[in-house]
Amino acid sequence: MRSLTVAWVSFAVCSVAFDVAAATRHPKSSEPSEQAERIRTYWRRFFAPPEAHDWQVELGAGRLYWQRADGERSTDWLLRLGAHRQLREWGEFVGAAVALDVSWSSQGTAQLTYRNTQTTLTVGLGYMHWHGPFRLDAMAEAGGLLRTVRVSDGVGPDRHGMRLDFAPGASVGAVVALGKTVHLGARFGMRYQPRRLDSLLLLEVGWLVGRDG
750 MRSLTVAWVS FAVCSVAFDV AAATRHPKSS EPSEQAERIR TYWRRFFAPP
800 EAHDWQVELG AGRLYWQRAD GERSTDWLLR LGAHRQLREW GEFVGAAVAL
850 DVSWSSQGTA QLTYRNTQTT LTVGLGYMHW HGPFRLDAMA EAGGLLRTVR
900 VSDGVGPDRH GMRLDFAPGA SVGAVVALGK TVHLGARFGM RYQPRRLDSL
950 LLLEVGWLVG RDG
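Here our numbering is used: the first residue of the sequence shown is 750, the next is one more, and so on.
None of these hints come from the bench; they were simulated from the model.
As the structure is a computational prediction, the values presented were derived from the model and not from experiment.
There could be a bad hint or two in this list.
Stated by the list, open to error - Cβ pair distances, simulated, as ranges:
| id | residue 1 | residue 2 | range |
| --- | --- | --- | --- |
| 1 | Thr930 | Tyr863 | 18 to 28 Å |
| 2 | Leu927 | His878 | 15 to 25 Å |
| 3 | Leu861 | Glu838 | 45 to 55 Å |
| 4 | Ser855 | Val904 | 17 to 27 Å |
| 5 | Ser855 | Ala935 | 19 to 29 Å |
| 6 | Thr858 | Val954 | 51 to 61 Å |
| 7 | Glu786 | Leu952 | 25 to 35 Å |
To be verified - Here are the simulated SDA-like pairs of lysine to any residue, each with C-alpha atoms no more than 20 Å apart in a straight line:
| id | residue 1 | residue 2 |
| --- | --- | --- |
| 8 | Lys929 | Asp803 |
| 9 | Lys929 | Pro882 |
| 10 | Lys929 | Trp815 |
| 11 | Lys929 | Phe883 |
| 12 | Lys929 | Leu885 |
| 13 | Lys929 | Ala832 |
| 14 | Lys929 | Arg834 |
| 15 | Lys929 | Val958 |
| 16 | Lys929 | Trp879 |
| 17 | Lys929 | His878 |
| 18 | Lys929 | Glu953 |
| 19 | Lys929 | Val954 |
By construction, the Cβ of each residue, glycine as well, lies at the ideal position given by its N, Cα and C atoms.
Use the sequences and the hints to build the structure in full.
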């Protein structure tokens, strides 16, 4: 009897081990893996890695934070038209950028109104690379800043003033491609001015144009 019991236990253990091994080698159903692949395919279609393009053109809107002559901080609205280009002849991690920014604000007292407009044209060079559907860039920038001030007292003619300054700076940005040609992103930048440091924060929408090859 003891021998028979040992034989039955051994047979049961071997059967379970065989079933486990067979299930491991040959899954009964591939539905979970097929469903996971369908999900991955859907998200790959939505967040698709972009095709190779010459230029990535962007429109941005955000805020510019800068220090006025009286020491107070001012927050202006900022619009940007910009473009990035991958410099593949220099390597897959090098890119260039150009941007035109326009910002404006208005401050006033009981007697005077100040309207400030800043127009900046910059070019940049630095790190730029696509990681699947995501693009990261970090650029050193340089350009010119034209500041226009209009003062009005509501009685006499307006008074105008203009000043042109050198505008070095830096920016970092991140975007995600939606489909093959459209991308959304955000950017933070800094501009160095005599005795002050300006900063900006932008949200951008862009298009990939001028396909390579």
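Comparing the hints with the structure gives:
1. In this structure the hint that threonine 930 and tyrosine 863 lie 18 to 28 Å apart at CB is violated, the actual value being about 42 Å.
2. At about 19 Å, the beta-carbon gap between leucine 927 and histidine 878 stays in the expected band of 15 to 25 Å.
3. Here the CB-CB span from leucine 861 to glutamate 838 is close to 54 Å, well matched to the stated 45 to 55 Å.
4. Hint check: serine 855 to valine 904, Cβ distance near 18 Å, so the stated range 17 to 27 Å holds.
5. A hinted range of 19 to 29 Å holds for the C-beta pair serine 855 and alanine 935, which are about 26 Å apart.
6. Between threonine 858 and valine 954 the Cβ separation comes to about 38 Å, which falls outside the hinted range of 51 to 61 Å.
7. Remark: the range hint 25 to 35 Å for glutamate 786 to leucine 952 is upheld by a beta-carbon distance near 34 Å.
8. With a C-alpha separation of about 14 Å, the suggested pair lysine 929 and aspartate 803 falls inside the 20 Å cut-off, and the hint holds.
9. Restraint check for lysine 929 and proline 882: the C-alpha separation of about 9 Å stays at or below 20 Å, so the hint holds.
10. Our distance criterion of 20 Å between C-alpha atoms is broken by lysine 929 and tryptophan 815, whose separation comes to about 37 Å.
11. Under the criterion of a C-alpha separation no larger than 20 Å, the hint pairing lysine 929 with phenylalanine 883 is consistent with the structure, at around 12 Å.
12. Between the alpha carbons of lysine 929 and leucine 885 the distance comes to roughly 17 Å, so the proposed pair stays at or under 20 Å and holds.
13. In summary, the hint linking lysine 929 to alanine 832 is supported, as the alpha carbons are separated by about 17 Å, within the 20 Å threshold.
14. About 16 Å separates the Cα atoms of lysine 929 and arginine 834, which keeps this hinted pair within 20 Å; it holds.
15. For the suggested pair lysine 929 and valine 958, the alpha carbons sit about 10 Å apart, so the restraint of at most 20 Å is met.
16. With a C-alpha separation of about 13 Å, the suggested pair lysine 929 and tryptophan 879 falls inside the 20 Å cut-off, and the hint holds.
17. Using a Cα cut-off of 20 Å, the hinted pair lysine 929 and histidine 878 holds, with the two alpha carbons roughly 16 Å apart.
18. Of the supplied pair hints, the one linking lysine 929 and glutamate 953 holds, its CA atoms being roughly 17 Å apart against a limit of 20 Å.
19. Our distance criterion of 20 Å between C-alpha atoms is met by lysine 929 and valine 954, whose separation comes to about 14 Å.
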